[in-house]
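J.: Read off the chains here:
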Amino acid sequence: GDSVTQMEGPVTLSEEAFLTINCTYTATGYPSLFWYVQYPGEGLQLLLKATKADDKGSNKGFEATYRKETTSFHLEKGSVQVSDSAVYFCALSDPLSRQLTFGSGTQLTVLP
Amino acid sequence: DTGVSQDPRHKITKRGQNVTFRCDPISEHNRLYWYRQTLGQGPEFLTYFQNEAQLEKSRLLSDRFSAERPKGSFSTLEIQRTEQGDSAMYLCASSLGAAGELFFGEGSRLTVL
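Protein chains in written order, with my numbering: chain A, 576 to 687; chain B, 8 to 120.
Chain B on its own, in the form it takes in the complex (with noise of 0.2 Å):
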């Protein structure tokens, strides 16, 4: 399977706790964007990278997350000192150029307790 692969598939954590997502891009596709979907609602750009360089962040993405893509091929979003507000799926994308179509990835879900 060459689409987007996103690790893990779901997460339930403690509140506090940290958590790591990771999301493997379409191999050659230089752009990455990171999306977060609550239930109800459609997806909410939280990020993006062009290659290893990160251009915009959402104002969504508060100072507990934060997003790299060190070799401009996987990202990783890490939450750090989770609050039961951030569980939802998280959604990674990837595609060839500004222009190019967006692949979208299953998600990750994220539960808080």
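Chain A with its partners taken away, still in its complex shape (with noise of 0.2 Å):
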């Protein structure tokens, strides 16, 4: 079955440092990809997606490119902020039913 694949936390970064967090996938078809995030004490939130081979998604700084070849598509962000820190689900949707598979999360804390 589909699964997702996501670098474990805790990250834990000072303001203005380059993010890397790594996602890798194993699906059947061609799903399409997407990062959510979960500030505290809220719900999920997309934060991008992309739906095919090459595409990259984009918001709020973060950027992440749908890689087939490496079945990767791992979040960048060149500066984070103290308010990046969250949890962060990377995770790809079934093409007919839309259900959505996620990784297990990385917690990130961003110090000023």
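FYI, nobody ran anything at the bench for these hints, they're computed from the structure.
The model shown is predicted, which means the values in this text are computed figures rather than measured ones.
All C-beta atoms, glycine included, are put in the ideal place defined by N, C-alpha and C.
Check before you lean on any hint, since a few could be wrong.
[Claimed, not checked] Which chain B residues face chain A? A few, computed with CB under 7 Å, are given here:
no.	residue
1	Pro50
2	Phe52
3	Ala105
4	Phe111
5	Gly112
Join the two chains into one complex using the hints; note that each chain is given alone, in its own frame.
T.: See below:
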């Protein structure tokens, strides 16, 4: 079945540092790929998505590129802020049901 | 607030009791999903509805679990004869159509003693 493997945390960075959170996937067919973010005390929010190979999703300074050849969708940000502290989940969706398969999440803490 | 709302936010119960969670999706959304999230893990799919029809159920959804969406609006998730392993956050999400973005509620946290 489909699966998502995500870089384990927690990750602690200083403000303005470069962020990479690795994500690889296994899927049949051609899934869409997502990054969700969960801020403390809040529900999951879609951060960015990519629907086909070589697509780049971007939002709030975060980027991720759908790499079919390496089955990866790594999340990057050039300069993190304290407000980026959250749990980040990589996910893929089944093309028909749209049900999401999530990775285990990466806790990011950004220190001032 | 017109987002996805879930009730109750927290539920503590004794093993063997029944519990029911309610989800009110965004009003025009025809798809509604239930997920379960345990500590340190990502959410796991349980089931989803398109309007009032339950279209798919995960193997995680044992016979003690039942979900309904009787009028295609709100949904309930009932767990009968709760076990300690049922302790988790139960998440609801809704979307407009199959291609629509999923919007998640804040979840209902269940603790089974």
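J.: Next step is simple, just say for each hint if it's right about the structure.
T.: Now for the hints, and whether the structure bears them out:
1. The interface hint given for Pro50 (chain B) holds, since its Cβ lies 5 Å from the closest Cβ of chain A, which is under the 7 Å cut-off.
2. Annotation: Phe52 (chain B) was flagged as interfacial toward chain A, and the flag holds, the nearest CB pair being 4 Å apart, inside 7 Å.
3. Contact between Ala105 (chain B) and chain A, as hinted, is supported at the beta carbon level, the nearest pair being about 5 Å apart and thus within 7 Å.
4. At about 4 Å, the closest approach between the beta carbon of Phe111 (chain B) and any beta carbon in chain A falls short of 7 Å, and the interface hint on this residue holds.
5. Restraint check, Gly112 (chain B) versus chain A: the minimum CB separation of about 5 Å is within 7 Å; hint holds.
Checked against the numbered hints given earlier, this structure breaks none of them.
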